[in-house]
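So the chains spell out like this:
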Amino acid sequence: MEYSIEIKNLTKKFGDFTAVNDISFNVKKGEVFAFLGPNGAGKTTTIKMLTTILKPSLGEVFLHGHNVIENPHQTRKSFGIVFQDPSLDNELTAYENMQFHAILYGLKKEVYQQRIISLLALVELSDRKDSYVKNFSGGMKRRLEIARGLLHNPKVLFLDEPTIGLDPQTRNHIWAYINNLNQQENVTIFFTTHHMEEVERMAKMVAIIDHGKILITGTIEEIIKKAGTKNLEDAFISLTGSNIREEAGNVSKNQMRISNKLMR
Amino acid sequence: MIAIYILWLRQLKRFIRKKTSIVGALGQPIIFLLAIGFGFGPVYAKAGGGNYIQFLAPGIIVMSVLFTSIFTGLEIIWDKQFGFLKETFVAPVFRFEILLGKTLGGATVAMIQGILVFLITLVAGFQPHLASLPLAFLFLFLVAILSSALGAAIAARLDDMQGFPLIFNFLVQPLFYLSGAIFPIKNLPPVLDVITKINPFSYGVDGLRFAFSGVNVFPPVLSLGVLCTATLIVLAFGTYQFSKVQL
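Protein sequences, first through last, are from chains A and B. When you line the first sequence up against full-length UniProt numbering, it's residues 1 to 264, in that order. When you line the second sequence up against full-length UniProt numbering, it's residues 1 to 247, in that order.
Treat the hints as calculated values from the structure; they're not laboratory data. It is possible that part of the hints are untrue.
To be verified - Derived DEER-like restraints, expressed as beta-carbon distance ranges:
hint, chain 1, residue 1, chain 2, residue 2, range
1, A, GLN183, B, PHE170, 53 to 61 Å
2, A, LYS28, B, ALA236, 55 to 63 Å
3, B, LEU192, A, LYS55, 17 to 25 Å
4, A, LYS29, B, LYS18, 40 to 48 Å
Virtual Cβ for every residue (Gly too), placed ideally from N, Cα, C.
Only chain A is shown next, with the shape it has when bound in the complex (with noise of 0.2 Å):
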């Protein structure tokens, strides 16, 4: 099994609405896999479906040769998400946010006590380990989020811009912790972003999605060169388009409304 991630034909459809077309491609086990595009392009979409809390329309996911579908209880144990949206319970401490995922994910106690005790150290919340996460700015929330997904030893790490709203020292000291994950580990990295200098940094192999559909996958080197550009960033826009697109929130469920609206 060469494959972490197969994706074929994955579809899915609000509605009258194409969120994701019929994008196919495979991720190699501890790859590291930057999944790009604009606002709106379906990244998050494809995510959910990836991660078997949303039900494609059409095709077939497998991870770790679980397929996602049919199976998706069995898949849950392989993979960890940091989600684009917040996820965290506000009137818990950091530590017993980390502890609900821990049990959830059938750890023992005296594993986890030690890994949350490391992985908070790693994302600098040892001191705020008793603090209610209400309490929290949004780079810390941030970071909390990540130390989560990484408690449980996944196999893959979908990290849906993870680095949002943090500083560059954290987010240098992230990744630094990624990458480390992925040399010595062999996880494998699922991960979207719109810093063009990370995927730079950290990317073997790169998808751009837009409009549903994938435009290109390759590495850095090839996109480049199919675009005819000199950096990734001028590439991702010469491939999508200088448009700026809506601001992506809650697009597929405004469209889910939307044409619930118009159905009735």
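Given the coordinates of chain A, assemble chain B onto it according to the supplied hints.
Just chain B now, kept in the frame of chain A:
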């Protein structure tokens, strides 16, 4: 199984930390006891019903358990909006376990609230048979589980709180008012008679009244049976609802 425990624990922690809302939720039962209990007391006594507080107290206790439970179940909508439900749903935990953890958490929280209200009714002059307290708590717990599961099952498919007034006014309130909590369900007009008899909470109120005062309309075994059956049906419905959730 441990997943159910941590979901339960989370619910409990959230409840205990919101002290103002615990006190706030006592307001309504107190008003009911004062205004309806003491207000209708003389009329009820004149009509030959006896001590109205004695009649009303079990109904008020059920009310606080029912409301607290359903609202705790409905908290799933918040979990959706604050994104926390995603965290729970990507974890290797069966949806049924999530539902059960939520339901038990909500029920436990509601039991605590119900016991506080029980103590208040004692102050107001309620005199229960303390010997059958375990039976009373069993009935109360079944009411709590049923309503908590109901709240969770409904919330599973709602995206925001806009449907909340609909649920409150057309489901929660009728379930309470038409359960025999505040009036005896004997000699009612036919429509009301049918409604109160198909409302599972009528059996909860009646069972509790039986345990506390030895007065009942339905055989207690029937009440237990109805509550258990209704709970199973709602849990099955909730499991189905949960399996359909897309985030």
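Results of checking the hints against the structure:
no. : hint                            : verdict
1   : GLN183/A - PHE170/B: 53 to 61 Å : 58 Å, holds
2   : LYS28/A - ALA236/B: 55 to 63 Å  : 43 Å, violated
3   : LEU192/B - LYS55/A: 17 to 25 Å  : 44 Å, violated
4   : LYS29/A - LYS18/B: 40 to 48 Å   : 46 Å, holds
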